[in-house]
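Number of protein chains: 4
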Amino acid sequence: MSLRVGMIGYKFMGKAHSNAYRALPMFFPNALKPEMAVICGRNTEAVQEAASRFGWAEAESDWKSLIARDDIDIIDINAPSDAHKEIALAAAKAGKHIFCEKPLALSLQDAREMLTAAEEAGIKHMTGFNYRFSPAVQLVKKLVTSGRLGKIYHFRAWFLQDWILDPDFPLVWRLQKDIAGSGSHGDLGAHLIDLAHYLVGDLDEVIGMNETFIKERPLAAEMTGLSAKGSKDGPRGEVTVDDATLFLARFSNGALGSFEATRFAAGHRSTNSFEINGSLGSVRFDFERMNELEVYFTSDDEDVQGFRRVVATDPSHAYAEAWWPPGHTIGFEHTFIHEFLEFTNAIQEDRQPEPSFADGVKCQAVLEAVDRSIEERRWVSISEM
Amino acid sequence: MSLRVGMIGYKFMGKAHSNAYRALPMFFPNALKPEMAVICGRNTEAVQEAASRFGWAEAESDWKSLIARDDIDIIDINAPSDAHKEIALAAAKAGKHIFCEKPLALSLQDAREMLTAAEEAGIKHMTGFNYRFSPAVQLVKKLVTSGRLGKIYHFRAWFLQDWILDPDFPLVWRLQKDIAGSGSHGDLGAHLIDLAHYLVGDLDEVIGMNETFIKERPLAAEMTGLSAKGSKDGPRGEVTVDDATLFLARFSNGALGSFEATRFAAGHRSTNSFEINGSLGSVRFDFERMNELEVYFTSDDEDVQGFRRVVATDPSHAYAEAWWPPGHTIGFEHTFIHEFLEFTNAIQEDRQPEPSFADGVKCQAVLEAVDRSIEERRWVSISEM
Amino acid sequence: MSLRVGMIGYKFMGKAHSNAYRALPMFFPNALKPEMAVICGRNTEAVQEAASRFGWAEAESDWKSLIARDDIDIIDINAPSDAHKEIALAAAKAGKHIFCEKPLALSLQDAREMLTAAEEAGIKHMTGFNYRFSPAVQLVKKLVTSGRLGKIYHFRAWFLQDWILDPDFPLVWRLQKDIAGSGSHGDLGAHLIDLAHYLVGDLDEVIGMNETFIKERPLAAEMTGLSAKGSKDGPRGEVTVDDATLFLARFSNGALGSFEATRFAAGHRSTNSFEINGSLGSVRFDFERMNELEVYFTSDDEDVQGFRRVVATDPSHAYAEAWWPPGHTIGFEHTFIHEFLEFTNAIQEDRQPEPSFADGVKCQAVLEAVDRSIEERRWVSISEM
Amino acid sequence: MSLRVGMIGYKFMGKAHSNAYRALPMFFPNALKPEMAVICGRNTEAVQEAASRFGWAEAESDWKSLIARDDIDIIDINAPSDAHKEIALAAAKAGKHIFCEKPLALSLQDAREMLTAAEEAGIKHMTGFNYRFSPAVQLVKKLVTSGRLGKIYHFRAWFLQDWILDPDFPLVWRLQKDIAGSGSHGDLGAHLIDLAHYLVGDLDEVIGMNETFIKERPLAAEMTGLSAKGSKDGPRGEVTVDDATLFLARFSNGALGSFEATRFAAGHRSTNSFEINGSLGSVRFDFERMNELEVYFTSDDEDVQGFRRVVATDPSHAYAEAWWPPGHTIGFEHTFIHEFLEFTNAIQEDRQPEPSFADGVKCQAVLEAVDRSIEERRWVSISEM
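Protein chains in written order, with the UniProt record's numbering: chain X, 1 to 385; chain G, 1 to 385; chain B, 1 to 385; chain C, 1 to 385.
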């Protein structure tokens, strides 16, 4: 049995997803095989080229036509964030399983509608929090769940980038609220929030702070990935999202949380990092060294206590046997392959994948609670949302 | 000309100060020489032993007698925090120069009284924020002041320890509000706040969160440095200070700040660390590797941009020429030697040392603003205090 | 135009090569596209399964038949080392371009015959020194070639593994001289030697030392990648290769070299690391952190001199634009994709790829010179070989 | 009871020793107290100033007069290396205990004479291999001795500096064979050899290689520590010592050794580093981070194996209780304090200190064996020497 995929979107995430679909059967041959059936995008020529380059059987420029097809099992949504909701509602109605990139939607309200639609349709639904699927993060999950870190006291996390540090970097769509929904908070902070949920648990309340350091930028001529071109002397437009958002949080289990997302941290191309301190041990992770996890145990012999640098490529580590011998590392793109392994496994086993739309909703609730806490300058309980 | 010192306190800080007074003339022969005249403490026997061991000419058990002496130029206060104020007021009245360990006092009100008294007496006064005097921190100061980091966007700092992680660790004085004034916040966070003031500037407003994870502990039998003994089966008492305090802050210059102090971070014996991100570069510091500074510049050639690990032991670095050849490191105790170099230099040059009592007051204002923000669950402006 | 590939071998390297052939057109669409035509191995069933899993159009169990086919442009040899020569000679005779895994052959004599045959046939030939194709290694090459490191004084390199540290680890083929040709020296040291040639230049003379720490091991039941199973109580056989080989070398340009390859370095799953010191700067590389390069320049401002951690994922770095945004890392397998990019580009541009069989021969000459230096306990000149 | 010290030499090492004598009684009050009686040097004015600055009771310009005094118990020799022998022989004859800086002498023959004289005189004698006395190195010793690392397979060590990288750096005495005896080999390599002896055991045979990269330099006008001044346009003299020396070694217990000492490693101010791999674990040390030791154990749970960063400042670590709380580091100078603690303890306990002159002789034997191996281009057995 295989699963025929229709994918909407073909840029940064479309490339990462395509690569995952291609690699999955080779490295995880026991999983259901995703068939790269149709890739869809508004620009006919560009999507045709992407189809050819990425290995999709067909190209399509109308997503409604795609969803209407009978021979498609999965709809993969990685179009810009403002399009997620409408597509997902239609796909759910059509009974397709849905993989949707994060952020699930531009608002909590929209995200909830999407979850409800998916649940009513009885389909499998997944939100693209890919960082969960680093072997080192899987190891953290195992250490926490098994109690080897004890009771958790602290979670601190920061996602630091610097790609818009230059005041003349152009006003790309990620800096426009109506398309992106949010800036560093929704783009980067969302990943931290999901990791917090996954690894530590639910949040009770939050209070935040944000800033847009550069308030106007040259209009963008062109954008690819995170790079873009624009004329510094040309017309400028308003940046309508946050450049940085920080917040404090209290977890339901009593742990204290600290979160920071910024695009103004010079020298950090993409530092997605967290630390957890528990009563029996600690872990530290930095995605720039994604194969590694630093681990500390209070139970170590007293003269050799210290953070260990574990390279999570041993047979005992998640996914490692599918890849290369110990010490031979993997990269960013592998998180997507593992993510789609979870998705296809969940379909095969007839269970919801994790993270599902429910996790996307939960993340969105925190994002909006933080925004409200900033607007109203007060602690906001997640239960308010 | 030399300066005759009377020092009140003889434990952890008394030892560090004594060592500094002894080393100063050897490594900085051009500075005024502090004469180790009198050491003072309530326990006659113990202070006598300390005098002999640390090299003080005389021991004294009554601090009022010490202050009354004509042959003492400097009063060094490193007794427990609850004694600072009374001693400082008396010393100022007697016209002695005063070095006072941090926290300056148990309350902002007290700290202000001390500053006023010192200013009225026309003496030199200094607060013991020793971490400023790491060569690597001096390098940060130089980079910031000269504009080499550009406009500052972010300051994030954390002081992480784990010495009370064990729930049976006894209820030492540092865990009692009436003596210590504060827990991790005043003990560790105070250092971070001072570094923020020194390196980035004043804060506008703050909001915090704290927690006492372990609310009762065995009564302490004995304490030395940060270690102590107690019976886990004996009587217990209430912990009246915070185990951890976190807060967010907005600087007057627009930078965003994040601060965390905790004694519940397993694996961190004493991680006193900060990062500053500016428009032209970033720096990272961790006191456990105090000889090093990581530095990033946006102006580096584009194919070799990255954080540099600078070992601050070259002739171009502060204090380095007094010590050992490049690459030969110094330690914790050296920060005190440099601190007293500033103190004696200030006396010699007839100027106030930095950090003075005014800096101690400024730090105390932030500490209390954070406490108020926690109590009242709202942002608190420093100007309210 | 595309290139039809016939690949002989289907295990660890066969998997890595297959992945590279699949990924190449997607990430480097302007390169010639390799067609995955035929995979070949002796075990009909296993090779059939590999064909299906890895995506080859056909499976073949007789390599001579494969070579005899007219519709094959490239022969990719990753069968065990003892089969390389015979296959390569036949492939050259048949006019196929050849990619051959390292070590090129079991002896220098054999390697030279292979090179001669390839040159006489006028085909393109390449040796699989994949580590050259890490972006960070490419950056080193650029820094050296452009003179930014100045005159090179030192090259020190070590390839440390620990997979046979357990004395009961079985006697796999890699521990048998008649199949593997060599132990750590030919397997790991060969990579270091090639990097030395590539980055610093030719060697003049060498002297070495080796050891087989564990001289007998249980016979192996089964082997996959670097792991294997065997019964510790069953029959044992002699280990006929080196567990560790170290050597010193003098480069023709006057630099001094130090090389170490071992499989007995506890804690090192696969540390492939080198450092180069020149008159104007230094670089350090460790393949376990393959996206990073540490770089030092003597010309940096004197107060901020230090090794920079460059993450080689910026647009200015080799291959980076084909992959993900800055800070999003790649892994071990990507070196093979870049390697086959060089191979197909060389065919397209009608030039020899680098490293060619000539580089394989040069590496083999050093390997044997070291062996001779060990046997005869004297410095051996490469020109003797 | 105290010990009256007469110290000959007052520059870099004289300063380090003076500091150690001053600090010892304060931090190790139970040890015999060294009395800083007489400091001796040829330049009357300079030595008088040193006496005053470092805290010596008297200054003396004639070392023979010093040795002739009855009121001196210990002679501390840190004059230039070419003066060691004559002074030591006289001091031994006079029945003084002797502390001598490394290298013990300019030749093995001289070193042996010194050892014989010391043994015949029945005095305590010590050689100044201070790096043994880092807490982290003490931890290595404990791990090796207790068997926690198992059988040792590899010792690799490198001492890298860059202070003479500039071809115009002047011809200081350390670059002149008649005064210094040796270059990087005797200055830096000697420390590595002593650590090898201390931590792994005796060497059987060695083979080396060396180079003087810059063969002529401007004559030196002035030298302090490792810095110096000279005119690049003035007269030049020949460098008569090695800029770099590397050698391979076989230990008597079967371990393999690799050693490198160089002053031409750009970016390394003073990297004194080694790694030991055993059958049960490994350790890594770098003196630039002297408070840390990286430790790996094969017995760790399989999913959390990795090198631990141990900060050797806990109560379980050597010397730590004398200093500061855990996580509060010490520096280069502390190795001397611990070294003199061993010296005075040995005197008090009437045993030879370690390392004694015998260790100095053993180190010298290896140094000369390496030199002979270079000259004669062959393996040289230590037993030949």
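Worth double-checking, as some hints may not be accurate.
As the list claims (entries may be wrong) - Cβ-Cβ distance ranges computed for the label pairs, FRET-style:
{"id": "1", "chain 1": "C", "residue 1": "55", "chain 2": "G", "residue 2": "345", "range": "32 to 40 Å"}
{"id": "2", "chain 1": "G", "residue 1": "348", "chain 2": "C", "residue 2": "61", "range": "29 to 37 Å"}
{"id": "3", "chain 1": "B", "residue 1": "146", "chain 2": "C", "residue 2": "166", "range": "51 to 59 Å"}
{"id": "4", "chain 1": "X", "residue 1": "179", "chain 2": "G", "residue 2": "240", "range": "35 to 43 Å"}
{"id": "5", "chain 1": "X", "residue 1": "43", "chain 2": "B", "residue 2": "71", "range": "33 to 41 Å"}
{"id": "6", "chain 1": "G", "residue 1": "55", "chain 2": "C", "residue 2": "71", "range": "20 to 28 Å"}
{"id": "7", "chain 1": "C", "residue 1": "116", "chain 2": "B", "residue 2": "375", "range": "39 to 47 Å"}
{"id": "8", "chain 1": "G", "residue 1": "240", "chain 2": "X", "residue 2": "381", "range": "53 to 61 Å"}
{"id": "9", "chain 1": "B", "residue 1": "65", "chain 2": "X", "residue 2": "179", "range": "43 to 51 Å"}
{"id": "10", "chain 1": "C", "residue 1": "315", "chain 2": "G", "residue 2": "141", "range": "32 to 40 Å"}
{"id": "11", "chain 1": "B", "residue 1": "375", "chain 2": "C", "residue 2": "375", "range": "19 to 27 Å"}
{"id": "12", "chain 1": "C", "residue 1": "376", "chain 2": "G", "residue 2": "55", "range": "18 to 26 Å"}
Keep in mind that the hints were calculated from the coordinates and are not lab data. Don't be surprised by glycine CBs; every beta carbon is placed ideally from N, CA and C.
Open item on the list: I want to verify a distance hint. Is the separation of the beta carbons of residue 375 of chain B and residue 375 of chain C within 19 to 27 Å?
Closed with: 23 Å, holds
Task: Distance restraint evaluation - residue 315 of chain C, residue 141 of chain G, Cβ atoms, bounds 32 to 40 Å - done: 34 Å, holds
- [ ] State, for the Cβ atoms of residue 240 of chain G and residue 381 of chain X, whether the hinted interval 53 to 61 Å holds or is violated.
- [x] 28 Å, violated
- [ ] Kindly confirm whether 33 to 41 Å is satisfied by the beta carbon distance between residue 43 of chain X and residue 71 of chain B.
- [x] Hint holds: Cβ distance 37 Å, inside 33 to 41 Å.
- [ ] For residue 146 of chain B and residue 166 of chain C, compare the CB-CB distance with the range 51 to 59 Å and indicate the outcome.
- [x] 21 Å, violated
TODO: May I ask you to test the hint 43 to 51 Å on the CB atoms belonging to residue 65 of chain B and residue 179 of chain X?
DONE: With a Cβ separation near 57 Å, residue 65 of chain B and residue 179 of chain X fall outside 43 to 51 Å, so the hint is violated.
TODO: Could you say whether the range 35 to 43 Å given as a hint is met by the Cβ separation of residue 179 of chain X and residue 240 of chain G?
DONE: 52 Å, violated
Task: Status of the given 32 to 40 Å range, CB of residue 345 of chain G versus CB of residue 55 of chain C - done: Check failed, 21 Å falls outside 32 to 40 Å.
Open item on the list: Tell me if the beta carbons of residue 348 of chain G and residue 61 of chain C are separated by a distance inside 29 to 37 Å.
Closed with: 33 Å, holds
- [ ] Could you say whether the range 20 to 28 Å given as a hint is met by the Cβ separation of residue 55 of chain G and residue 71 of chain C?
- [x] Check passed, 22 Å falls within 20 to 28 Å.
Task: residue 376 of chain C versus residue 55 of chain G beta-carbon gap, inside 18 to 26 Å or not - done: Cβ of residue 376 of chain C to Cβ of residue 55 of chain G: about 56 Å, so the range 18 to 26 Å is violated.
- [ ] Given the range 39 to 47 Å, decide if the beta-carbon distance of residue 116 of chain C to residue 375 of chain B lies inside it.
- [x] 41 Å, holds
Checked against the numbered hints above, the structure violates hints 1, 3, 4, 8, 9, 12; every other hint is satisfied.
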